[in-house]
Amino acid sequence: MPRIPRGILFVLPTVVFLGAFIAYPLLATAVLSVTDSRGAFVGGANFAEAFGGRVTRIALQNTVVYVGASIVLQMLIGTFAGIVLDQPFRGRSVLRAIILIPWIVPGVVAATTWAWMFHTEFGIVNYLLVQLGMIERSIGWLVRADTVLPALIAVNTWKTYPFVAVMVLAGLQGIPASLYEAARVDGATFWDEVRFITLPQLRPVLGSVLLLLMIWGFNAITIIYTMTRGGPANRSLILPIQIFRQAFEFFDFNLAAATSVLLFLFLTTLIAGYLRFFGRAEVTDG
Amino acid sequence: MKSKILLALVFVLSGAVLAQTTVTWWSPNFHSERAEVLVERFHELNPDIRVNLEVTVADGLQNRILVALRAGTGPDLIDVANGWNVPFGLTGGLYALDDRIAASGLPLDDFLQPALGTATVDGKLYGLPFRVEAHALIYNRDAYREAGLDPDAPPQTWDELIETAKVLTRTNAAGQMQYGYGLAGGGEVGNLLFRSLPFIWMNGGDMLSADRTRAAINSPEAIEAVEFYVHMLTEDGVAPPSTLQNDGAALRRLFIAGTVAQYQSGQFDLPAIRRENPDIDVAAAMLPHPAGRQTAAILGGWNWVIPDASRNKDAAWRLLEFLAQPENMGFYTDTFPARLSGMDLPRFDDPDLEPYKAMLPFARPQPPVGAWVQIVQAYFDAVQRAMLGELTVEAAMNELAVEIDRLLAR
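For the record, the sequence lines run as chains A and B. According to my numbering, the first sequence is numbered sequentially starting from 1. According to my numbering, the second sequence is numbered sequentially starting from 1.
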């Protein structure tokens with residue numbers, strides 16, 4: 001009996017686990033995407049169908065706008081909040097706890113609540129704006145073509161910026177105080193410190209956060225599915241919801257697999273670009 | 001040693017003789033209370049069968065059943081909405097009941113015929129309807145009186161409906177904006193279909209051609225009917241601005257809040273409205289139709305199906321046969337029973353239900369095509385585009401027809 005190197009035994013559980021839960025689903029999706037419901041090979045027909053429908057293109061466009069705008073806002077607001085929370089002031093620990101609430105609330109609960117708050121007839125958003133005299137009559141936030149995506153982006157930002165804030169806060173606490181002391185000796189203002197010490201020091205943290213936000217953003221359906229189901233007239237339809245529809249409403253698993261592969265390729269390209277950008281930067285920084 | 005084995009064998013065999021067959025029945029939460037009562041009765045009559053009642057919830061139920069049918073590990077009897085029965089029958093996984101029905105002598109002519117249509121694929125019955133219903137017009141009698149309308153003379157034609165809705169669109173006595181007609185324009189895709197496809201049918205149009213091979217949604221009759229529906233929002237202004245986010249549940253809420261004075265829905269909304277707002281004087285009427293034509297509605301309801309993978313089909317059929325008796329079916333249904341003889345039960349002798357009973361003969365099943373779910377989604381999108389003003393109704397229906405033809409050709 002040939003001796004099995006001991007090393008293989010040690011990596012075996014991990015390999016089996018990764019194989020079963022990552023490699024197999026990935027391969028199965030790829031196979032589904034080029035076959036029909038009976039399992040016969042159909043080449044690129046499902047991809048042609050995915051691209052041929054008007055809806056997939058709208059979904060791709062919405063996805064880019066929704067995820068892109070959400071990430072920019074989440075990063076900006078989250079970083080700002082993280083920096084503020086790092087300053088010494090009364091009630092800081094209480095505020096640090098409070099700010100986490102949106103992140104902790106289950107997605108469906110938050111989204112349902114927001115859907116009611118944005119409701120044209122019953123929503124508190126319209127009620128407040130009308131009472132304050134900022135608008136004359138109720139706006140159909142989630143039913144108008146021009147307001148639905150901004151409203152959803154606002155909710156998505158509200159939901160996830162605390163995560164950015166906490167990561168930034170953790171990153172800030174890892175910056176040696178001596179750097180700031182040295183800067184102050186040289187007469188740096190608060191904004192100089194932010195620009196020349198805080199942000200550069202935070203770069204690795206921000207990079208990881210950005211990657212996570214990207215992956216989550218492109219895969220998340222909770223908020224939009226709960227609030228608008230992609231409507232009105234697909235104005236808030238994003239690719240993950242389109243995939244969900246194809247698979248679980250139309251029962252067309254092959255078409256859904258083809259769309260999934262497209263989303264996967266798109267995301268892979270983005271991440272490759274990201275790695276080139278941040279990977280190289282780290283080398284030059286180091 | 002040998003005697004021990006023998007003894008064990010005796011135990012095993014006697015166990016097998018005494019063992020009951022277990023049948024698993026999936027019943028949704030809104031049916032399950034009455035299901036428990038029926039199961040108890042069934043147990044008394046059939047001591048050799050044990051029914052394992054599993055309560056399901058409506059949200060996501062269609063997917064759950066689909067997965068169970070595909071995996072072949074599901075229950076033995078399932079309650080399914082009648083719109084899902086044909087798609088399930090087409091994708092496979094359902095057991096054809098024709099031989100069982102023939103052998104048991106269950107009188108199919110006692111069933112509402114369109115209801116049997118919701119379970120029929122290629123001439124075979126893949127389910128047995130037990131619950132049937134159709135929409136009617138629900139209206140607020142107080143709002144009628146306030147606006148100077150006669151609450152005993154609800155609109156009967158489309159022209160009267162628009163006139164009534166216009167009169168009802170006003171600031172009411174409570175100083176609140178009230179709209180004359182609540183349209184379904186968002187949320188659940190099926191809700192919009194149930195409230196607009198009947199208008200197309202009434203006007204002589206249809207979604208698909210008679211042989212179901214092409215779209216018919218861009219015929220002049222169909223376009224005129226969709227215009228009637230959409231223009232209530234975009235031109236007549238009798239539907240609330242929130243229309244594109246309102247589904248059936250939202251409309252009921254708006255009616256209870258007094259924002260909407262008329263809308264269409266099933267009979268189950270009446271007790272729900274009275275429970276939440278006992279002050280509303282609510283009534284129902286038959287759906288208005290174009291002058292000189294007949295009314296129409298989609299036949300809603302629920303069917304029982306037996307999965308092909310069930311290992312206890314004999315026992316499942318005995319349970320189904322028991323449930324299908326007129327008095328049990330009449331007891332079980334939320335709305336009306338699919339068997340005409342079940343209608344005689346005292347619980348259906350209710351003036352509230354008269355317009356709903358009168359609508360039933362005008363109810364039609366949804367067409368049995370495999371791509372129906374996709375077609376309904378595309379229809380929903382097209383109606384929304386017209387409601388948003390992105391396209392005229394005619395242009396939206398023309399684009400929809402191309403999309404439907406593409407879906408049918410796949």
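Since the hints were made in silico from the structure, they are not lab data. Beta carbons are placed, not taken as given, at the ideal position from N, Cα and C, and that holds for glycine. Some hints could be false.
Claimed, not checked - Every beta carbon over 12 Å from chain A, so not counted as near; a handful from chain B, in silico:
#1 N52
#2 T91
#3 A173
#4 E188
#5 L208
#6 S219
#7 R274
#8 M286
#9 Q325
#10 L340
#11 E354
#12 M387
To be verified - Here's a subset of chain A near chain B, in silico, CB distances under 8 Å, partners left out:
#13 H119
#14 V143
#15 D146
#16 P232
Hint check results:
no., hint, result
1, N52, "26 Å, holds"
2, T91, "6 Å, violated"
3, A173, "18 Å, holds"
4, E188, "9 Å, violated"
5, L208, "17 Å, holds"
6, S219, "22 Å, holds"
7, R274, "21 Å, holds"
8, M286, "28 Å, holds"
9, Q325, "34 Å, holds"
10, L340, "34 Å, holds"
11, E354, "31 Å, holds"
12, M387, "7 Å, violated"
13, H119, "7 Å, holds"
14, V143, "4 Å, holds"
15, D146, "10 Å, violated"
16, P232, "4 Å, holds"
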